Amino acid sequence: MATQTSRYIQLAKALPPRLQVFLARYPAPSILPTGATPETFKTPYQEDTPNPFAATKHPATGRWHDPKYSLRRQAELVKLARDHGVEELLPFTPKGTEERLRKRVELGLRVKGTGVGQKVKGHKHERQMIAKMEKRRQAMLDMPELIREWKEVGKKKWTRFPK
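Going by my numbering, the first residue of the sequence shown is number 1, and it counts up by one from there.
Because the hints were derived from the structure by calculation, they are not lab data.
Check each hint, because a few of them may be wrong.
The calculated lysine-lysine pairs, modelled on PhoX-like cross-linking and capped at a C-alpha distance of 20 Å, are [unchecked claim]:
hint: 1; residue 1: 13; residue 2: 79
hint: 2; residue 1: 68; residue 2: 79
hint: 3; residue 1: 103; residue 2: 79
Here the structure is a predicted model, which is why all the values come from computation and not from measurement.
Let the hints inform the model, and build the full structure from the sequences given.
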């Protein structure tokens with residue numbers, strides 16, 4: 001047990017100082033000491049704002065306070081944590097990898113029609129291209145039979161001219 005604890009301490013010391021400070025101020029419930037619950041073991045920073053990445057409403061005045069960490073600083077922290085393999089220890093943030101992937105799937109590539117269940121509008125000739133090419137392919141497959149029929153009937157009695 002002592003070797004495992006020392007290994008965790010060594011890993012924590014290998015983190016960049018910004019991540020060390022953040023995780024000391026806002027420790028994740030998974031890294032709390034044994035026997036401590038997230039409700040009983042709170043740092044003074046966590047008592048002030050449980051999630052430093054979210055806006056908070058003042059209990060007395062009802063006014064909204066900005067997050068303690070701006071979106072730019074959140075993105076920087078997430079990148080640092082991802083590079084060091086500790087992103088799951090951070091609180092929820094819209095800059096997190098999972099949230100960004102979820103939004104990319106939901107919204108698509110910001111091109112109309114690339115989201116889930118959407119179709120790209122495109123120009124009319126682009127939308128009709130697949131059906132047109134399939135019709136052309138089928139006509140080419142039927143061409144030998146059509147030529148044979150033309151030779152039997154002749155030009156005078158031919159009734160299947162294109163319109």
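Tested hints:
1. 13 to 79: 18 Å, holds
2. 68 to 79: 18 Å, holds
3. 103 to 79: 18 Å, holds
Against the hints set out earlier in the document, no violation occurs for any number.
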